[in-house]
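Enquirer: Read off the chains here:
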Amino acid sequence: MSTQLKDMLTSVAEEERARVDAAHRDGDTDAYVRTIRPRRAARRAGVAAVALVGVGVAGAGYLALGPSGTSLDPAVETPTPTPAALVSDPDAVAGEPGWTVADVVISPGVTAMTAAEAVGAAAADSVACGSLESFAALAGGTDASVGAAKNLGAFVGESGAATGVRLRSFESVEDAQTYLGDLESIAGRCVTDLEGEGMQARASRIALTGLPGEAVTATLPAGESVWRLDVHVIGADAVAIVTEPGADVAALDVIAAWVEGAVG
Amino acid sequence: MARTGEAAGRGLTMNRWQGVLDTMIRERRGALVGYAYLLAGDRPTAEDLVHDAIIRTFTRARRLDDPRAAEAYVRRTIATQFLNGRRSRAVARAKQHLLVERDAPPADQTAGENAEVTRALGLLTRRQRACVVLRHFEDLSTEETAERLGISTGSVKRYLHDALAVLREELRGLDGADDREDAGVRVVAPRGGRR
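Top to bottom, those sequences are chains A and B. Mapping the first sequence onto the numbering used here, position 137 (from 1) lands on 137, and the numbers just tick up by one. Count along the second sequence from 1, add 264, and you get the number used in the numbering used here.
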């Protein structure tokens with residue numbers, strides 16, 4: 001049956017391949033390059049993402065590109081951002097230009113991937129795992145009207161994988177503690193959901209040796225690596241760190257650097 | 265700096281990743297859409313998946329100098345995005361009636377058979393479909409399929425078992441015992457035949 005099924009699937013895929021090849025003989029490489037290049041530049045250099053008109057229109061796919069890439073033409077006129085030089089400032093602390101951890105300078109505006117993007121279907125299907133995205137953004141909580149989180153950017157090392165950092169000051173220590181408790185609960189449910197799929201994940205509330213405050217850390221499997229979320233709270237101040245699989249800068253180093261800058 | 269393909273002809277100087285992208289767009293996009301079509305079941309969604317996956321892959325990856333590795337990344341992203349179900353679910357549902365006209369006579373026998381296969385795949389859940397495509401089209405092992413989808417091997421076997429039972433019932437000519445090692449997938453008497 002395997003052979004029969006393989007033949008059937010191949011026939012379907014082949015029919016589609018032939019149709020696409022016939023419809024796109026000219027290729028659209030230029031249009032893709034114009035779309036991707038500024039994004040790469042932004043990701044590498046921390047330049048804010050450029051608006052890309054006509055890209056990713058729901059349901060349109062790259063049919064929207066057309067052989068001549070007409071629907072992407074607005075992007076052609078969008079200037080590719082000049083990568084701002086990322087200059088390390090050894091005296092900079094979290095939130096200041098040039099903040100450097102583990103020899104990597106922070107790239108403003110860059111965000112790390114979500115759990116669903118890194119882990120895949122199992123995380124995407126879990127409401128609890130999906131909620132980690134909000135905690136990674138330090139969103140919500142009892143005092144949602146104040147203390148909006150600030151995205152500092154991400155440390156993007158040689159691997160290209162990012163370690164994203166956000167800061168937030170809660171209205172009170174109690175609010176921060178409640179937030180951490182909520183995260184602990186949600187992360188635990190995410191772990192349970194993933195374990196139901198046969199995956200090994202971890203979540204725990206911890207105090208880091210030698211550092212004030214406490215943290216909740218969630219580690220989810222992503223291929224041969226892991227995706228990790230750390231939220232560390234000192235008093236009413238919190239830092240959230242998302243570590244993409246294979247990232248060069250470890251969350252603990254970022255926390256230590258943040259604490260050093262925060263408490264001197 | 266390399267100049268490659270059509271874009272080079274227009275005077276664009278290419279980085280290495282652009283050369284790989286050019287190769288992929290010109291030589292492999294059709295195959296990628298075919299792959300995505302098996303997962304998604306309709307053309308707009310399949311093309312959307314490929315479009316997004318290419319942009320994601322080439323935006324994020326730092327080193328892209330091997331076309332085969334790049335294609336593997338794109339395929340992985342297609343499957344992940346498909347399972348994430350962003351945007352595509354509603355589109356697929358909305359377009360489904362356009363794709364399969366059960367009562368319409370097929371243009372030729374192959375087209376008719378392909379429509380039947382597509383219709384049958386459309387009866388599966390997303391995960392079942394993904395398991396069938398990765399296992400029986402991409403020829404991944406059970407373990408590789410599990411790793412790719414981020415689920416256990418037991419789940420893969422369960423999804424395949426259920427999926428193959430549906431396909432066997434829906435598709436004429438798809439019968440007999442499963443000869444894949446994973447198929448603790450013992451399927452009972454095929455009922456075969458089209459409805």
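A couple of the hints might just be wrong.
[To be verified] Derived, one-sided and incomplete: chain B residues facing chain A with beta-carbon distance under 8 angstroms:
{"id": "1", "residue": "L387"}
{"id": "2", "residue": "L404"}
{"id": "3", "residue": "A429"}
{"id": "4", "residue": "V430"}
[What the hints assert, rightly or not] Label pairs and their computed distance ranges (CB to CB):
{"id": "5", "chain 1": "B", "residue 1": "S416", "chain 2": "A", "residue 2": "G140", "range": "15 to 23 angstroms"}
{"id": "6", "chain 1": "B", "residue 1": "S405", "chain 2": "A", "residue 2": "Q200", "range": "19 to 27 angstroms"}
{"id": "7", "chain 1": "B", "residue 1": "S416", "chain 2": "A", "residue 2": "P97", "range": "18 to 26 angstroms"}
{"id": "8", "chain 1": "A", "residue 1": "Q200", "chain 2": "B", "residue 2": "D403", "range": "20 to 28 angstroms"}
{"id": "9", "chain 1": "B", "residue 1": "E408", "chain 2": "A", "residue 2": "T209", "range": "19 to 27 angstroms"}
{"id": "10", "chain 1": "B", "residue 1": "R280", "chain 2": "A", "residue 2": "E14", "range": "40 to 48 angstroms"}
{"id": "11", "chain 1": "B", "residue 1": "D330", "chain 2": "A", "residue 2": "K6", "range": "41 to 49 angstroms"}
Treat the hints as calculated values from the structure; they're not laboratory data. Each residue gets a CB set at the ideal place from its N, CA and C atoms; glycine is no exception.
Enquirer: If a hint holds in the structure, say so; if it doesn't, say that too.
Expert: A quick look at each hint next to the structure:
{"no.": "1", "hint": "L387", "result": "violated (14 angstroms)"}
{"no.": "2", "hint": "L404", "result": "violated (12 angstroms)"}
{"no.": "3", "hint": "A429", "result": "violated (12 angstroms)"}
{"no.": "4", "hint": "V430", "result": "violated (12 angstroms)"}
{"no.": "5", "hint": "B:S416 / A:G140: 15 to 23 angstroms", "result": "violated (32 angstroms)"}
{"no.": "6", "hint": "B:S405 / A:Q200: 19 to 27 angstroms", "result": "holds (20 angstroms)"}
{"no.": "7", "hint": "B:S416 / A:P97: 18 to 26 angstroms", "result": "violated (46 angstroms)"}
{"no.": "8", "hint": "A:Q200 / B:D403: 20 to 28 angstroms", "result": "holds (27 angstroms)"}
{"no.": "9", "hint": "B:E408 / A:T209: 19 to 27 angstroms", "result": "violated (39 angstroms)"}
{"no.": "10", "hint": "B:R280 / A:E14: 40 to 48 angstroms", "result": "violated (30 angstroms)"}
{"no.": "11", "hint": "B:D330 / A:K6: 41 to 49 angstroms", "result": "violated (26 angstroms)"}
The earlier numbered hints that this structure contradicts are 1, 2, 3, 4, 5, 7, 9, 10, 11.
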